[in-house]
Amino acid sequence: MRRVISLVVLAACGSSGSEPAIDGSLAADAAPDVATEGSVGFGELAGMCGVLNDPELTGPTPGFVTVSMTFARRYNDPADRPLLTLGGQRLAASPNAGGSSAFSELFAFEQLARCELAGLLKTETEIVYDTQGKITDILVTVDDHKIGVSVVRAVAFPFGSTYTLEAATTIIQRKLEDIQASSMNVSAQDQWVKQILAVIAYDDAHVDTVEQAWLGIDAAIRADTVLVVTATHGDDTFLYTNQ
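Residue numbering for the sequence shown follows my numbering, starting at 20 and increasing by one per position.
Keep in mind that the hints were calculated from the coordinates and are not lab data.
Cβ atoms here follow ideal geometry from the backbone N, Cα and C, with glycine treated the same way.
One thing to keep in mind: the hints can contain errors.
[As the list claims (entries may be wrong)] Here are the simulated lysine to aspartate or glutamate pairs, DMTMM-like style, with alpha carbons at most 25 angstroms apart:
| id | residue 1 | residue 2 |
| --- | --- | --- |
| 1 | Lys194 | Asp237 |
| 2 | Lys153 | Glu185 |
| 3 | Lys194 | Asp99 |
| 4 | Lys194 | Glu230 |
| 5 | Lys153 | Glu196 |
| 6 | Lys141 | Glu185 |
| 7 | Lys194 | Asp222 |
| 8 | Lys194 | Glu145 |
| 9 | Lys153 | Asp96 |
| 10 | Lys194 | Asp209 |
| 11 | Lys153 | Asp99 |
| 12 | Lys141 | Asp197 |
| 13 | Lys141 | Glu196 |
| 14 | Lys141 | Asp162 |
| 15 | Lys141 | Asp163 |
| 16 | Lys141 | Asp237 |
| 17 | Lys194 | Asp223 |
| 18 | Lys153 | Asp222 |
| 19 | Lys153 | Asp223 |
| 20 | Lys141 | Asp227 |
| 21 | Lys141 | Asp223 |
| 22 | Lys141 | Asp96 |
| 23 | Lys194 | Asp227 |
[To be verified] Distance ranges between label pairs, derived from CB positions:
| id | residue 1 | residue 2 | range |
| --- | --- | --- | --- |
| 24 | Ile236 | Thr181 | 16 to 22 angstroms |
| 25 | Glu185 | Ala238 | 17 to 23 angstroms |
| 26 | Ser113 | Ala224 | 18 to 24 angstroms |
| 27 | Gln151 | Asn261 | 24 to 30 angstroms |
| 28 | Ala207 | Arg92 | 28 to 34 angstroms |
| 29 | Ala200 | Val59 | 20 to 26 angstroms |
| 30 | Thr183 | Val147 | 34 to 40 angstroms |
| 31 | Gln199 | Leu234 | 16 to 22 angstroms |
| 32 | Thr189 | Asn95 | 19 to 25 angstroms |
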């Protein structure tokens with residue numbers, strides 16, 4: 020079902036995805052927290068919004084989507100939670116499985132909620148697996164399909180350093196392999212039809228490097244994934260320091 024979403028700037032383009040392993044419908048699940056059409060939130064979005072529909076979510080090939088998010092000021096938690104989508108508010112209040120990526124995961128979800136009307140179904144610690152191992156960060160719904168979302172940051176330190184193709188290839192390939200593993204481990208009740216690898220990228224040059232790395236990775240590793248890369252601008256360092 021094609022969605023039309025009103026944001027500050029829209030430039031909708033098609034992308035493609037992979038073949039589902041099983042039916043990931045929502046029949047027995049609680050209603051997710053879904054953004055309303057044209058919803059606004061913290062940060063200004065632009066780029067490829069409203070492009071993930073049935074062909075992209077259940078089709079046989081990988082997909083690549085780019086957007087940007089600009090912050091006039093840093094996000095302050097918990098004071099700014101009311102500015103998030105309902106799913107984002109729930110995610111911000113939920114524990115994750117460790118690490119320092121809470122803000123990048125939060126705004127990866129916000130991008131999907133505002134651009135694709137994704138609803139938050141389960142947080143990282145709520146997803147059920149049959150086998151211990153690699154896990155995914157968020158379980159969402161898009162067009163009534165269960166979609167796993169794994170999040171990674173593309174950034175070089177110190178800020179402003181060159182983000183190398185080698186660094187991008189290493190982290191993107193590792194995350195894609197982790198996606199394959201978590202898709203095998205997840206329980207039937209939470210089985211998704213596809214995963215999104217959401218990349219939070221420090222600037223446009225980082226996006227270009229990520230795309231180059233993505234295209235250089237074997238198609239068999241990319242096949243079960245849509246890569247959604249968000250270039251961040253403005254007062255965005257909180258995403259990379261989690262502070």
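Hint check results:
1. A hinted pair counts as satisfied when its Cα atoms are at most 25 angstroms apart, and lysine 194 with aspartate 237 qualifies at roughly 13 angstroms.
2. At roughly 23 angstroms between alpha-carbon atoms, lysine 153 and glutamate 185 fall within 25 angstroms of each other, so this suggested pair holds.
3. Note on lysine 194 and aspartate 99: the hinted pairing is violated, with a Cα-Cα distance of about 30 angstroms set against a maximum of 25 angstroms.
4. Between lysine 194 and glutamate 230 the alpha-carbon distance is near 14 angstroms, which keeps this suggested pair within the 25 angstroms criterion.
5. Using a Cα cut-off of 25 angstroms, the hinted pair lysine 153 and glutamate 196 holds, with the two alpha carbons roughly 9 angstroms apart.
6. Between lysine 141 and glutamate 185 the CA atoms are separated by roughly 33 angstroms; this puts the pair beyond 25 angstroms, and the hint is violated.
7. Taking the CA atoms of lysine 194 and aspartate 222, the gap is about 20 angstroms. The hint holds against a cut of 25 angstroms.
8. Taking the CA atoms of lysine 194 and glutamate 145, the gap is near 20 angstroms; set against the 25 angstroms cutoff, the hint holds.
9. Distance restraint check for lysine 153 and aspartate 96: the Cα-Cα separation of roughly 28 angstroms exceeds the 25 angstroms cut-off, and the hinted pair is therefore not satisfied.
10. Simply put, lysine 194 and aspartate 209 have alpha-carbon atoms about 20 angstroms apart, close enough for the 25 angstroms limit, and the pair holds.
11. For the hint pairing lysine 153 with aspartate 99, the CA-to-CA distance comes to about 31 angstroms; that exceeds 25 angstroms, so the pair is violated.
12. Proposed proximity of lysine 141 and aspartate 197 is supported: the alpha carbons are some 19 angstroms apart, at most 25 angstroms.
13. Between lysine 141 and glutamate 196, the direct Cα distance comes to roughly 22 angstroms. Compliance with the 25 angstroms bound is thereby established for this hinted pair.
14. For the given pair, lysine 141 sits about 16 angstroms from aspartate 162 by alpha-carbon distance, which is consistent with the 25 angstroms threshold.
15. With a CA separation close to 14 angstroms, the supplied pair lysine 141 and aspartate 163 stays within the 25 angstroms bound.
16. For the suggested pair lysine 141 and aspartate 237, the alpha carbons sit about 30 angstroms apart, so the restraint of at most 25 angstroms is broken.
17. At most 25 angstroms may separate the alpha-carbon atoms for a hinted pair to count; lysine 194 and aspartate 223 meet this at roughly 21 angstroms.
18. Between lysine 153 and aspartate 222 the alpha-carbon distance is near 28 angstroms, which puts this suggested pair outside the 25 angstroms criterion.
19. As the CA atoms of lysine 153 and aspartate 223 are separated by approximately 29 angstroms, the hinted pair breaks the 25 angstroms bound.
20. Distance check on the hinted pair: lysine 141 and aspartate 227 sit about 31 angstroms apart at the alpha-carbon level, beyond 25 angstroms; violated.
21. Taking the CA atoms of lysine 141 and aspartate 223, the gap is near 31 angstroms; set against the 25 angstroms cutoff, the hint is violated.
22. Taking the CA atoms of lysine 141 and aspartate 96, the gap is about 21 angstroms. The hint holds against a cut of 25 angstroms.
23. Distance hint between lysine 194 and aspartate 227 is fulfilled; the C-alpha atoms sit about 18 angstroms from each other, no more than 25 angstroms.
24. Take isoleucine 236 and threonine 181: their Cβ atoms lie about 20 angstroms apart, and the range 16 to 22 angstroms holds.
25. Taken as a hint, the range 17 to 23 angstroms holds for the pair glutamate 185 and alanine 238, whose Cβ atoms sit roughly 20 angstroms apart.
26. A hinted range of 18 to 24 angstroms for the beta carbons of serine 113 and alanine 224 is inconsistent with their spacing of about 33 angstroms.
27. Our hint of 24 to 30 angstroms for glutamine 151 and asparagine 261 holds, since their Cβ atoms are close to 26 angstroms apart.
28. Between alanine 207 and arginine 92 the beta carbons are some 44 angstroms apart, a value that contradicts the proposed interval 28 to 34 angstroms.
29. Checked against the hint of 20 to 26 angstroms, the pair alanine 200 and valine 59 fails, with Cβ atoms roughly 36 angstroms apart.
30. In this structure the hint that threonine 183 and valine 147 lie 34 to 40 angstroms apart at CB holds, the actual value being about 38 angstroms.
31. In this structure the supplied range 16 to 22 angstroms holds for glutamine 199 paired with leucine 234, their Cβ-Cβ distance being about 18 angstroms.
32. Between threonine 189 and asparagine 95 the beta carbons are some 33 angstroms apart, a value that contradicts the proposed interval 19 to 25 angstroms.
The structure fails to meet hints 3, 6, 9, 11, 16, 18, 19, 20, 21, 26, 28, 29, 32 from the earlier list, while all remaining hints are met.
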